[in-house]
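Novice: Residue strings, one per chain:
There are 2 protein chains.
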Amino acid sequence: MENVELAKRILAGERRALARAITLVESNRADHRAQAAELLEELRGHGRQALRVGLSGTPGVGKSTFIEAFGTMLTGQGLKVAVLAVDPSSARSGGSILGDKTRMERLSRDPRAFIRPSPSQSHLGGVARRTREAIDLCQAADFDVILIETVGVGQSETVVAEMSDLFLLLLAPAGGDELQGVKRGIMETADIILINKADGDLKSTAVRTCADYAGALRLLRKRPQDPEGFPKALTVSAVEENGLQEAWSEMTALADWRRETGHFDARRAQQARYWFEAEVREGLLARLRREPVKGAMEALARQVEAGDVTAAAAAEELLRDYLGM
Amino acid sequence: MENVELAKRILAGERRALARAITLVESNRADHRAQAAELLEELRGHGRQALRVGLSGTPGVGKSTFIEAFGTMLTGQGLKVAVLAVDPSSARSGGSILGDKTRMERLSRDPRAFIRPSPSQSHLGGVARRTREAIDLCQAADFDVILIETVGVGQSETVVAEMSDLFLLLLAPAGGDELQGVKRGIMETADIILINKADGDLKSTAVRTCADYAGALRLLRKRPQDPEGFPKALTVSAVEENGLQEAWSEMTALADWRRETGHFDARRAQQARYWFEAEVREGLLARLRREPVKGAMEALARQVEAGDVTAAAAAEELLRDYLGM
Numbered sequence: 001m002e003n004v005e006l007a008k009r010i011l012a013g014e015r016r017a018l019a020r021a022i023t024l025v026e027s028n029r030a031d032h033r034a035q036a037a038e039l040l041e042e043l044r045g046h047g048r049q050a051l052r053v054g055l056s057g058t059p060g061v062g063k064s065t066f067i068e069a070f071g072t073m074l075t076g077q078g079l080k081v082a083v084l085a086v087d088p089s090s091a092r093s094g095g096s097i098l099g100d101k102t103r104m105e106r107l108s109r110d111p112r113a114f115i116r117p118s119p120s121q122s123h124l125g126g127v128a129r130r131t132r133e134a135i136d137l138c139q140a141a142d143f144d145v146i147l148i149e150t151v152g153v154g155q156s157e158t159v160v161a162e163m164s165d166l167f168l169l170l171l172a173p174a175g176g177d178e179l180q181g182v183k184r185g186i187m188e189t190a191d192i193i194l195i196n197k198a199d200g201d202l203k204s205t206a207v208r209t210c211a212d213y214a215g216a217l218r219l220l221r222k223r224p225q226d227p228e229g230f231p232k233a234l235t236v237s238a239v240e241e242n243g244l245q246e247a248w249s250e251m252t253a254l255a256d257w258r259r260e261t262g263h264f265d266a267r268r269a270q271q272a273r274y275w276f277e278a279e280v281r282e283g284l285l286a287r288l289r290r291e292p293v294k295g296a297m298e299a300l301a302r303q304v305e306a307g308d309v310t311a312a313a314a315a316e317e318l319l320r321d322y323l324g325m
Numbered sequence: 001m002e003n004v005e006l007a008k009r010i011l012a013g014e015r016r017a018l019a020r021a022i023t024l025v026e027s028n029r030a031d032h033r034a035q036a037a038e039l040l041e042e043l044r045g046h047g048r049q050a051l052r053v054g055l056s057g058t059p060g061v062g063k064s065t066f067i068e069a070f071g072t073m074l075t076g077q078g079l080k081v082a083v084l085a086v087d088p089s090s091a092r093s094g095g096s097i098l099g100d101k102t103r104m105e106r107l108s109r110d111p112r113a114f115i116r117p118s119p120s121q122s123h124l125g126g127v128a129r130r131t132r133e134a135i136d137l138c139q140a141a142d143f144d145v146i147l148i149e150t151v152g153v154g155q156s157e158t159v160v161a162e163m164s165d166l167f168l169l170l171l172a173p174a175g176g177d178e179l180q181g182v183k184r185g186i187m188e189t190a191d192i193i194l195i196n197k198a199d200g201d202l203k204s205t206a207v208r209t210c211a212d213y214a215g216a217l218r219l220l221r222k223r224p225q226d227p228e229g230f231p232k233a234l235t236v237s238a239v240e241e242n243g244l245q246e247a248w249s250e251m252t253a254l255a256d257w258r259r260e261t262g263h264f265d266a267r268r269a270q271q272a273r274y275w276f277e278a279e280v281r282e283g284l285l286a287r288l289r290r291e292p293v294k295g296a297m298e299a300l301a302r303q304v305e306a307g308d309v310t311a312a313a314a315a316e317e318l319l320r321d322y323l324g325m
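The listed protein sequences derive, respectively, from chains A and B. The first sequence lines up with residues 1 to 325 when you count with the UniProt record's numbering. The second sequence lines up with residues 1 to 325 when you count with the UniProt record's numbering.
Just so you know, the hints here were simulated from the structure itself, not pulled from any lab data. Treat each hint with caution, since some may be false.
[Stated by the list, open to error] Under 10 Å between C-beta atoms, here's a sample of chain A residues computed to sit facing chain B: (1) E41; (2) M73; (3) G76; (4) G78; (5) L79; (6) K80; (7) G126; (8) G262; (9) E291; (10) P292; (11) G295; (12) A313.
Ideal Cβ positions, reconstructed from N, Cα and C, are used throughout, including at glycine.
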């Protein structure tokens with residue numbers, strides 16, 4: 001299918017065209033990459049109104065149950081919901097969200113929902129790029145809410161936060177000591193912390209955990225992109241479908257405030273710059289993995305290992321002779 | 001002073017020549033950098049027998065007291081000891097080891113010791129390069145033991161481990177729960193864990209903490225570069241100067257075993273390759289901070305921010321038009 005035709009079908013909301021386009025941006029083949037770039041340029045500027053919601057939560061907090069219940073609630077209100085994943089371990093495990101997709105049975109059969117597993121790439125940078133492009137495609141396909149989920153291993157939370165308008169942290173109820181388990185950097189990134197499993201025996205623990213996090217959030221430095229009362233902590237129960245509407249109300253209230261005050265667009269602009277710079281760096285470093293630089297670098301590395309030349313002198317030689325510096 | 005003359009004086013063990021050479025490698029001036037590169041090439045291959053000992057410990061574990069006592073013990077045995085620091089926060093704080101130097105009063109007046117504060121650079125990559133070059137200079141100046149210390153903030157422990165023959169972790173006595181506080185990656189990097197403050201009221205806690213860590217170390221996967229019984233945990237008291245000789249005996253036993261089995265040289269070769277590759281990457285990325293690329297990148301970043309072009313397309317344009325790709 002030609003790009004113009006494909007673009008038209010995506011804009012018309014054809015799911016198969018969207019799925020096909022995502023397969024295209026996930027491909028490593030040079031001709032696919034070129035076609036993908038053209039397609040994204042064709043679609044640029046469309047669907048800028050989608051709300052991109054990042055969601056991080058370690059295994060066991062009930063992430064897929066939450067997405068299933070939350071997503072179904074949104075589609076029930078007439079909204080179109082896309083679910084994408086950033087999973088740095090997917091290359092090895094075969095993709096955790098692949099399993100999620102079968103677990104999110106209800107949502108995956110929902111005509112207003114679109115679930116896409118994480119692209120199988122071991123390199124987080126590669127996953128990030130493909131996910132961002134998939135987000136752009138979902139935006140063009142006129143989705144209202146795009147959920148980008150991650151298990152929060154290593155840098156993946158930062159990656160997801162840098163492609164989201166709002167960033168949610170989903171946690172399980174726990175003793176007060178466990179507060180330490182959440183890295184400070186992630187706390188500072190979160191807009192809303194959701195304590196899941198506020199049901200049955202765990203309900204009172206969830207309420208206590210929520211109060212602990214609310215207290216911790218109040219101690220953080222005030223961020224200009226937050227109205228009074230944000231970031232905040234809430235309890236939800238994905239299983240009993242409690243608190244989901246309240247969470248969504250808080251999310252839209254925050255997004256609306258940011259849109260009105262210009263913070264929404266400012267964040268998107270800053271993120272676009274961030275990813276542009278990341279792509280330039282990645283593209284530049286890719287040269288080191290291609291011939292003739294790769295071979296020359298390996299030969300020099302052996303000389304460095306043998307002690308025949310210093311690391312600094314060898315690096316300078318490579319940069320001068322092969323990289324035009 | 002000319003490089004040949006400076007090199008000669010360093011090889012003769014003149015401390016003022018060494019101090020001057022380190023100032024040279026720490027400089028950012030282009031002519032100094034060129035002179036430093038020449039000097040390092042001049043000295044290449046000298047003093048490869050120095051033992052480079054990395055030492056990490058958070059503030060409060062008694063790091064400077066330990067270095068003072070341990071270093072003085074070594075110089076008392078006729079060994080020449082250099083102390084260098086990798087402190088990523090030194091740019092802000094003015095260098096914590098600067099304070100240490102005055103606290104290490106005995107060692108700093110010792111004719112067989114040489115203490116150098118961390119170079120004041122906010123960029124860890126810059127600190128790493130300068131420290132590696134300072135190590136090469138100390139090796140050429142015929143030091144027997146080079147202690148490279150860090151407070152272990154962020155990536156600095158990895159940086160120090162990658163320039164050490166042995167890596168020590170200095171810890172304070174603590175309850176069993178605190179075991180969690182040491183990141184797994186650092187545990188896996190350590191060759192010897194020293195529990196300091198095994199004196200007075202804390203002695204029994206130190207012994208217990210030591211046993212906890214010994215147990216944790218046994219659970220780690222066996223590394224080819226370790227003889228039977230390593231990595232190991234020991235108690236020391238820097239204040240009472242207890243256990244220091246035992247720690248040194250373990251260090252030399254480990255280093256001797258690695259020398260005999262080839263692991264010592266293999267590690268140095270692997271580290272040299274690591275730093276060569278890091279320098280190439282750093283040198284390549286430095287181009288982005290220089291004109292005309294810097295200006296072109298900023299102009300494109302503004303277009304990306306405004307949504308006039310996708311991040312991918314803008315990155316490709318910059319790479320093609322300004323970076324010859």
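Novice: Determine for every hint whether it applies to the structure shown.
Specialist: Going down the list of hints, with the structure as the test:
A hinted interface residue such as E41 of chain A counts as satisfied when its beta carbon comes closer than 10 Å to some beta carbon of chain B; here the least separation is about 6 Å, so the hint holds. Taking 10 Å as the C-beta cut-off, the interface hint given for M73 of chain A is violated, the closest approach to chain B being about 31 Å. Against a cut-off of 10 Å between C-beta atoms, the interface hint on G76 of chain A is violated, since the closest Cβ of chain B lies about 32 Å away. Given the 10 Å rule on beta carbons, the hint for G78 of chain A is violated: about 27 Å separates it from the nearest Cβ of chain B.
At about 24 Å, the closest approach between the beta carbon of L79 of chain A and any beta carbon in chain B exceeds 10 Å, and the interface hint on this residue is violated. Proximity of K80 of chain A to chain B is violated relative to the hint, the smallest CB-CB distance being about 22 Å (cut-off 10 Å). With 10 Å as the threshold, the beta carbon of G126 of chain A stays out of range of chain B, its nearest partner Cβ sitting at about 13 Å, so the hint is violated. The interface hint given for G262 of chain A is broken, as the beta carbon of that residue sits about 13 Å from the closest beta carbon of chain B, more than 10 Å.
Look at E291 of chain A: its Cβ only gets to about 14 Å from chain B, farther than 10 Å, so that hint breaks. For P292 of chain A, the interface hint is violated, since its Cβ never comes within 10 Å of a Cβ in chain B; the closest pair sits about 13 Å apart. Hint status for G295 of chain A relative to chain B: violated, with the closest Cβ pair at about 14 Å, above 10 Å. A distance limit of 10 Å between C-beta atoms decides the matter here; for A313 of chain A the minimum to chain B is near 6 Å, and the interface restraint holds.
In terms of the numbered hints stated before, the structure departs from hints 2, 3, 4, 5, 6, 7, 8, 9, 10, 11, listed from lowest to highest.
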